[in-house]
Every structure is written in C-alpha cells, then in structure tokens.
Amino acid sequence: MTDVDPKWEVRMLELIAEVSVLKVSQIRPEHRLREDLGMDSVCSLELISMLAEEFDLDITVEEAAGVATVDGAIAMARRHFALARS
Amino acid sequence: MSALEWAAPAEGVDEAIVSSVRRFAQRELDPLEIDEAAQIPTRVLAHLSALGVFGLTVPEQHGGLGEGLRLATRVVAALAEVDRSVATTVGLHLGLGTRALVRYGSAQLQAELLPSLASGEWLAAFGTTEPGAGSDLSKLKTKVTADGDGLRLDGEKAYVTNGGLARLLTVTAASAGEGGLAKGMAMVAVPMLGRGVVRLSEEKKLGLRGSSTTGCLLDGVKVPQHWMLGDPSTGKAQLDHTLAWGRTLLAAGCVGATTSALGRARDHAAMRRQFGRPLEEQPVIQGQLASATVLLGAMRALMETAAAQADDAALHRWSVSAKVFCSEQGWAVTDTALQLHGAMGYLENSGLPMMLRDMRVTRIFEGANDVLITHAGALELQHPAARDDLPSMAQQVADAVARRGQRLREELGVRAFRRPELLHWLGLAVVWRDAVVAGCRHFDSGAWQRTLCREACAARRSADRRLHPADDQAQILARSR
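Chains as they are written, first to last, in my numbering: chain P, 1 to 86; chain W, 1 to 481.
Just so you know, these hints were derived from the structure itself, not from any lab.
Misleading hints may appear alongside valid ones.
Said to hold, decoys possible - Here are some, though not all, of the chain P residues that point toward chain W, as calculated from beta-carbon distances under 8 Å:
#1 M12
#2 L15
#3 E18
#4 V24
#5 S25
#6 P29
#7 E35
#8 V42
#9 E46
#10 M50
#11 A52
#12 E53
#13 T69
Just so we're clear, the structure is a prediction, and the values are computed from it rather than from any experiment.
We put the beta carbon where it would ideally sit given N, CA and C, even for glycine.
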C-alpha cells in the first residue's frame, strides 16, 4: 500500500455502512460493531476482511478480532498505512 | 453396546418421562395416517398435553416441569422414532417457540403466557424467515417500533412452523432505535389471534406434512412494551441462544427418525434372503449397516454433547455441528435404509419414502447446511477449538483440522473471512471433527472409532476434491449460460 486515497476514511465508513445495512450518516465513531451496529463476531471479522481487501492491508485474524468500534477499525487502518509508508 | 441400544444415562424421573412418551407414540401415532391427512389429530395433541410434554422446559412455577435442553432432546428423539411431524411440532414449541420467553421474557409476561403454553392449551410458533430474508438476518424487513406506551410490528413471515396451530408467535424484527442502538434485532411475542395478525394458508410440502407450516402477515400489530423478549441491545445474542436450542432439537428429531430407519433396515436385512443367505450376512450389506450404525452413534453423541453445554458460546458451536451432521447423516442413513429394502422401500405403504421425505427439509430449515458449514469454518478460524484431553484417534482428526485452520490464518490472515468457499471447506472438516470427538468420547470401541475416523477422512477427501480453483468455476459457469 503506497498511494492511499485521501478519502479513505469516507470509503471505510461506506463499507461499514454497507455491511451493517445502515446509511453512512448513521455511523458514528464510537459505535460498537457488535452492540450498536448489530454485527456478530463473525460478521465484524468479515467487515475487517473487506477493509483489508479494499485497502490491500495484511491484517491478522487476532488483530482483527481486537477491533471493537468504528474508531478502532479506522485506527487499525491508519496504523497499517503508516507501516506501509515506513 | 450398539448405537441402536446406546443411550446416555438418564436415570429415574428422566427415563420415566422418555419411556412414557415413547410408549404413547408407539401406541397412539399412525405416521402414514398423519402424512395422508396432513395434520395431527386433535386427540394426539390433547394426549401430549396431558403427558406434560408441552411444559417440559417451562419453569415449575408456571406449571411446567422445569427441565432443560438435554431431556427435551431425548423426548423429541423418542417421538421422532415414531412420527417426525409430531416430534417437529413439539420440538418447535419447546425450542424456538418458547425458549426466548422462558429465558428472556419479563416476569409479568411469563406469568401471563407460560401457564397456557405449559399446559398445551396454547402452542407456540417462531417466525424469522421472510419472503426476502432467509439465512441472512441482516435483511430482516419486519420492524418493531415504539408506539405510544407499547410496540408496533409490521412485516411478513414465511414458513412458520406450527403457524396453523399456534396461539403465540415469537418473531424476530429489526429494532432500529430501540435501546439506543443504531441498528439491532429483537424478539417479540405476538398473540396469533391479535388484531393485525393474518395467518396465511397451509403450505403443501414434500415432507413433514402433518406439521403445520404457514405464512403470517403482521400489519400494524400492537403489543404492550413488556412483550419485548429481553433487552434489544443484546437481541442478536439472545437470538443466537434461541436458535441454538432450535438446532439441537432439530438434531434430536434426526436422531430419533434415523434410529427408526436403521432399526427397520437391520430387521429387513435379518429377514430378507438373497443368493441363498440373509442380507445381513453379505459383506457389502454388513459394511453399509456398520457404517450407518457408527454414524447414528455419532449423531446421538453430538446431540447429547450439544444439549449438555451450559455456556452459550459452546452451545452455539456444538449446536451448529450437531444440526449439520445429524441432518446430513440422517438423510444418508435413511436413504441407505430405503435402498436395503429394495423395491419394497420405494412403495409409500412401506413408510420409508415418507421417512426420507420427512428428513429432507432438515438440511434446509433452522439454517441451511451450506450456510452453517461456512459459519462453522468462520468460528474455527476465529477461535480454534481446544484440543486438550481428546481420545487419541479424535486427536489426530482434530490436529488435521487445526492445521487446515492455521494454514488459512497464515496465508490469508483476516482476508480468509472473504473466502466463503475456503471457510466452507474448513467448516466441513470442523463438523466431522466434532462428530469424531463427541463419538470417540462416548464409544471406547476401537473398531467403532476407526470406522468413524475413516468416514471423516472420506468426507475430507471429498471436500478437497470439490475445492476447485475459482477461475475454473467461473469459466464453466460462463460457458454453460
């Protein structure tokens, strides 16, 4: 991952909205993937998997399982973008 | 001990209940008559009520027996040995129909409804499938919304088992806004005779014809707030628990019906002579009967293992394997039983076609097996099953599954969750692993364990062969259009 679309956060929210069958405007950073967005544990991993494919990130199952919120997913992606640049 | 004779210990009162249900079924049920009439006689339902079957899992303070899933599975299996439609009607009532109310319902609602449900005066149904939403529950269109002091439901449910008999319907509904959620799912109790509830006509089905299946419209149905079952903020977890009960009870029906099918096959093989000796003395038939006996034993062991789980996550996991394995192997063994009967098995009055027809849907409802197998793979990838204290032969099978999972984790990381064909491939191995683990824990016979492991290896090889490259599949399908 070298050229990150500057609008990646928007795209990420679109994907989260797609998986949780909500509008982007309804998604808030503090939303918990399971309790607030109605995902079960497998569904939340599918979401992270979708993000990994979209942004070409190598994310382990363990790391993905630790993501609990929308904010957490964005932070995880940010870490990987930084790693890719370094 | 043979699989047909085997039963986990259920002493005293438990055994008395199972025995009395089995005696009743053998004496009072006429499966062919029920299949032909496409309904269960009223006197049968009344007798089951008198036996206390409908209150088996209802707390004693509300008129039930206060029993758990384990005894419920044994009772459903005993009924299914004789008639699958009756077993389905009872199993649905005890599991999907009333479980959410028993576990999550408010004290007020339980006091209002459970006595009638325990006595059998009311039967319960469960509605989750919709014309546009089957296994994908994120697509539920039925909505529950706040309406003054109460709740309002709008939507349509399809394939509601017990729909034509029930007075209570437990429905799943999207609960946007409820409990502070952006999006959620809730279960709500609905009176079938309430205003706005429209029961649709009976479906004509391939099998389970005595079991009622209808659609149901919910048109502005209003219920009091306390008819919400549990906390909507944890609605998905509550639904998972309820579905796990349903899957385990479905597995129990498969165990009972397969016990009956295999018993008939063995009786026939002992009696029928071909080429100068009974079928049961011919090696090919012996091989089929031995495999079927071991598979039935593994089915029962899986059912018992699932039903014994107290932890929700463990129950969820075991119930998936139990449902898939018992329905798939129940179908295979029943087909073998029909085959062993020769042309006689093809005649309706032998009862075997009905048994096969009744078994077919178990691979579809309560979660289509293909979906559940993929889910089992995803669960394994997320949390690999513990491999401590396994019988040695089961250990080998479990190690092989763990290696598969590890390979996927290392090669694809979290992206494996976007590869359903690989999850399915892993999930199939998981289901067989669970059958081997449960089976080997219940049976210490080396021959028995070796046969089960051979069946598991054959299933794994079959799954491997079907894992075609995606490009090949796409090309074949494109050219066939």
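A quick look at each hint next to the structure:
1. M12: 15 Å, violated
2. L15: 12 Å, violated
3. E18: 10 Å, violated
4. V24: Since the shortest Cβ distance to chain W is 12 Å, the answer is violated.
5. S25: Not OK, violated: S25/P not within 8 Å of chain W, min 11 Å.
6. P29: Hint violated; P29/P Cβ to chain W Cβ min 12 Å, cut 8 Å.
7. E35: Holds - the Cβ of E35/P comes within 8 Å of chain W, reaching about 6 Å at its closest.
8. V42: At about 4 Å, which falls below the 8 Å cut-off, the nearest Cβ of chain W leaves the hint on V42/P intact, so it holds.
9. E46: 5 Å, holds
10. M50: 6 Å, holds
11. A52: 5 Å, holds
12. E53: Since the shortest Cβ distance to chain W is 6 Å, the answer is holds.
13. T69: 12 Å, violated
Hint compliance for this structure: hints 1, 2, 3, 4, 5, 6 and 13 are broken, all remaining hints hold.
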